[in-house]
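Chemist: Protein sequence lines, in the order shown, are assigned to chains L and V.
The first sequence begins at 1 in the numbering used here and counts up one residue at a time.
The second sequence begins at 1 in the numbering used here and counts up one residue at a time.
Hints listed in this document are in silico derivations from the structure and should not be mistaken for laboratory results.
A few of these clues could be false.
Below 25 Å or equal to it, Euclidean Cα-Cα: the simulated SDA-like pairs (lysine to any residue) are [to be verified]:
| id | chain 1 | residue 1 | chain 2 | residue 2 |
| --- | --- | --- | --- | --- |
| 1 | L | K178 | L | D65 |
| 2 | V | K207 | L | F85 |
| 3 | V | K207 | L | T135 |
| 4 | V | K207 | L | L136 |
| 5 | L | K178 | V | Q182 |
| 6 | L | K170 | V | Q182 |
| 7 | V | K207 | L | D96 |
| 8 | V | K207 | V | V82 |
| 9 | L | K170 | V | P180 |
| 10 | L | K170 | L | Q195 |
| 11 | V | K207 | L | E340 |
| 12 | L | K263 | L | Q195 |
| 13 | V | K207 | L | A95 |
| 14 | L | K178 | L | P275 |
| 15 | L | K263 | L | K170 |
| 16 | V | K207 | L | Q195 |
| 17 | V | K207 | L | L134 |
| 18 | V | K207 | L | K178 |
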Amino acid sequence: MAEVRLDNLSFRYPGAREETLSGLSLDVRRGEAHALLGSSGAGKSTLLNLLSGLLPSAPGCIFFDGRDVGTMPPWPRRVTQVFQFPVLYEAMTVADNLAFPMRELPAATQRQRVVEIAERLSVTALLGRRPAALTLVEKQLVAIARALTRPDVSLVLLDEPLTAAEPAYKWRLRQTLKAVQRDLGATMIYVTHDQTEALTFADRVSVLHAGRILQTAAPRELLEEPAHEHVGYFVGSPGMNLLDGEIRGSDCLAGGHRIGQLKAASGPCRVGFRPEWATLTSGDGGDGLPVRITGMRTLGAEREHLLGLVMADLGSTSIITRQVLDGISTGPGRLRIRPERLVCFRDGWRIGADA
Amino acid sequence: MPETMPDNRAWLGVLPVLLVVAFSAVIPLMTVVNYSVQDIFDVHTRLFVGFDWYRETLRDPRFLDALVRQLGFSAAVLALEVPLGILVARALPRDGRWVGVLLVLLAVPLLIPWNVVGTIWQLFARPDIGLLGRAVNELGIPFNYTAEPLHAWITLLMMDVWHWTSLVALLAFSGLTAIPGQCYQAAAMDGMSGVQVFRHVELPRLKSVLVIAVLLRLMDSFMIYTEPFVLTGGGPGNSTTFLSQYLTTMAVGQFDLGPAAAFSVLYFLVVLLLCWLFYTSVIAERGER
Numbered sequence: 001m002a003e004v005r006l007d008n009l010s011f012r013y014p015g016a017r018e019e020t021l022s023g024l025s026l027d028v029r030r031g032e033a034h035a036l037l038g039s040s041g042a043g044k045s046t047l048l049n050l051l052s053g054l055l056p057s058a059p060g061c062i063f064f065d066g067r068d069v070g071t072m073p074p075w076p077r078r079v080t081q082v083f084q085f086p087v088l089y090e091a092m093t094v095a096d097n098l099a100f101p102m103r104e105l106p107a108a109t110q111r112q113r114v115v116e117i118a119e120r121l122s123v124t125a126l127l128g129r130r131p132a133a134l135t136l137v138e139k140q141l142v143a144i145a146r147a148l149t150r151p152d153v154s155l156v157l158l159d160e161p162l163t164a165a166e167p168a169y170k171w172r173l174r175q176t177l178k179a180v181q182r183d184l185g186a187t188m189i190y191v192t193h194d195q196t197e198a199l200t201f202a203d204r205v206s207v208l209h210a211g212r213i214l215q216t217a218a219p220r221e222l223l224e225e226p227a228h229e230h231v232g233y234f235v236g237s238p239g240m241n242l243l244d245g246e247i248r249g250s251d252c253l254a255g256g257h258r259i260g261q262l263k264a265a266s267g268p269c270r271v272g273f274r275p276e277w278a279t280l281t282s283g284d285g286g287d288g289l290p291v292r293i294t295g296m297r298t299l300g301a302e303r304e305h306l307l308g309l310v311m312a313d314l315g316s317t318s319i320i321t322r323q324v325l326d327g328i329s330t331g332p333g334r335l336r337i338r339p340e341r342l343v344c345f346r347d348g349w350r351i352g353a354d355a
Numbered sequence: 001m002p003e004t005m006p007d008n009r010a011w012l013g014v015l016p017v018l019l020v021v022a023f024s025a026v027i028p029l030m031t032v033v034n035y036s037v038q039d040i041f042d043v044h045t046r047l048f049v050g051f052d053w054y055r056e057t058l059r060d061p062r063f064l065d066a067l068v069r070q071l072g073f074s075a076a077v078l079a080l081e082v083p084l085g086i087l088v089a090r091a092l093p094r095d096g097r098w099v100g101v102l103l104v105l106l107a108v109p110l111l112i113p114w115n116v117v118g119t120i121w122q123l124f125a126r127p128d129i130g131l132l133g134r135a136v137n138e139l140g141i142p143f144n145y146t147a148e149p150l151h152a153w154i155t156l157l158m159m160d161v162w163h164w165t166s167l168v169a170l171l172a173f174s175g176l177t178a179i180p181g182q183c184y185q186a187a188a189m190d191g192m193s194g195v196q197v198f199r200h201v202e203l204p205r206l207k208s209v210l211v212i213a214v215l216l217r218l219m220d221s222f223m224i225y226t227e228p229f230v231l232t233g234g235g236p237g238n239s240t241t242f243l244s245q246y247l248t249t250m251a252v253g254q255f256d257l258g259p260a261a262a263f264s265v266l267y268f269l270v271v272l273l274l275c276w277l278f279y280t281s282v283i284a285e286r287g288e289r
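Given only the sequences and the hints, what does the whole structure look like? Please build it.
Modeler: Next comes the structure, spelled out in structure tokens:
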């Protein structure tokens, strides 16, 4: 397994006017489970193909263990990939499929390794069968096994590997994948547009948007300290609320009300807060921003309290909070944001962060 | 305890199909079978001869020679057209604006009436005025398909390859385009060579279309009539007389209805047998998986 370093990696498809990826820098540690999170069109697949060598990149941008692999073809890079839909060689048995990436090694080593990996992914019973006789989930398990058999594999890429699985199996597959990753200490890059998958699988997540990495951080940090507006509303469900606001002196204002303190240059900004970081109350009185509560949705109950989402309009913006629903009804209300949680953005990027 | 009563009235629903099949296939076929066991002199005079015509046909050296030639021709056609068709299909671009144009161009030979194909090649290969025949002779290679059996065979095979390889190519192309790009990516990451990609990725996924291609070409080439009739007329000598041509000579030329009927039944059985053998061998191979 290798550590992977991207150094100011850019890529433009021949004939395309704009760069698909621009100035990507990233360090993936040896044995790290790393997730690339981004909506479709963000450049995820392009990045995968550059990492695997299916697309050539300029030299000096991609390093495996310090070695420049930018112009190397896929095979000597020792990268393997699990695709969105299971890819197996139809005419070979499962065992032969698993052994194929090791075909340059002695037969005994191959056999031993196949048995080992098959056991770890609990596909031993399938070894003698052909892919056509397997279910979709079994096929994907075998495809994952296939990506891991090569003993000298440097990097395992996973391209939305759970797309094909039914929801009931997704969880199981993800647990298996995570366990295998931890046990083998495999360097894995997991590409997905599903934040739940990314946040539960990865040690660190990179958020990719329009060909740029907006932030690379541990899942918790991504939720609490988004470095970019897009990270704020893309990560988290529902995403971060964003209001037009202003910094004046050390005060942060929204809708003409002071809602917190922030050390940053004065000027307009966007105020972001997660649904958990604010509460709405019904009624016109008290402090807080005046809003109009438009609806609510029950998500569950804890002790005697109903929990859920509350929707409200603030001027032309809609916001959502996650809170206790007791005493909430549609109509006028007040919004209180926990001031210590406030994050502000200017031109998309976070401002006033202590770090 | 509700019990479902077997309702045989459902069989009535099959009746229309049975009628159609009876008049379109079974009755004409049985007429031939009927002829094959009788000696017919005129409308009122006929004689039941049992399997005599079959015995005679099977002992007829001209029938056996034609059968051997036919098997050789079909084997050669398959051996040439299937690999060539796959090669052409692989060489075609998978997308882009030229694909449509190329596919239409490929399909052109398939649209030409068979006797026209025969005529085209009859002229094209003529050693005196044909572009091909003349050119080959000018190069110093003596070529005359009207006199040399080998030359006649080569010309016939070239004609069939020209006429029908497109069919195999189009079928193979449709099979190739159905292969997901991810399979090729995986193969590239596995460091596969071009040959390995063909063997492990493409061939297994082309199998079902190739079965259809082989069956179609096998049946069609086994029944070939018009093109050799126009091109060589079965000659020189009988060197390119295939089953259907001999049959026509017998039935239409000599009006030997009995032997011709027995011949037809045997002919039909041979085609059926070959297709069945091929198909079951493919199915058996699949079942063992």
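Chemist: For the pair supplied as a hint, L:K170 and L:Q195, is the alpha-carbon distance within the 25 Å limit?
Modeler: holds (14 Å)
Chemist: Is V:K207 within 25 Å of L:K178, Cα to Cα?
Modeler: Violated - the C-alpha atoms of L:K178 and V:K207 are around 37 Å apart, more than 25 Å.
Chemist: Sort out whether L:P275 lies within 25 Å of L:K178, counting only the CA atoms.
Modeler: violated (29 Å)
Chemist: Could you grab the alpha-carbon distance between L:K178 and L:D65 and see if it respects the 25 Å cut-off?
Modeler: holds (23 Å)
Chemist: Taking 25 Å as the top limit, are the C-alpha atoms of L:K263 and L:Q195 close enough?
Modeler: violated (31 Å)
Chemist: Please verify whether L:K170 and V:Q182 have alpha carbons no more than 25 Å apart.
Modeler: holds (21 Å)
Chemist: Between V:K207 and L:L136, does the CA-CA distance stay at or below 25 Å?
Modeler: At roughly 21 Å apart (the allowed maximum being 25 Å), L:L136 and V:K207 satisfy the hint.
Chemist: Are the Cα positions of L:K170 and V:P180 separated by 25 Å at most?
Modeler: holds (23 Å)
Chemist: Just to be careful, I want the Cα atoms of V:K207 and L:Q195 compared with a cutoff of 25 Å; is the pair within it?
Modeler: Distance of about 40 Å is beyond 25 Å: violated.
Chemist: For the pair supplied as a hint, V:K207 and L:E340, confirm whether the alpha-carbon distance does not exceed 25 Å.
Modeler: Violated, because 65 Å separates the two Cα atoms, which is more than 25 Å.
Chemist: For the pair supplied as a hint, V:K207 and L:F85, confirm whether the alpha-carbon distance does not exceed 25 Å.
Modeler: Holds, because 21 Å separates the two Cα atoms, which is no more than 25 Å.
Chemist: So if I understand the rule, the pair passes when the alpha-carbon distance is 25 Å or less; does L:K263 with L:K170 pass?
Modeler: Measuring from Cα to Cα gives roughly 44 Å; hence the hint is violated.
Violation of the numbered hints given earlier is confined to hints 11, 12, 14, 15, 16, 18; the remaining hints are satisfied by the structure.
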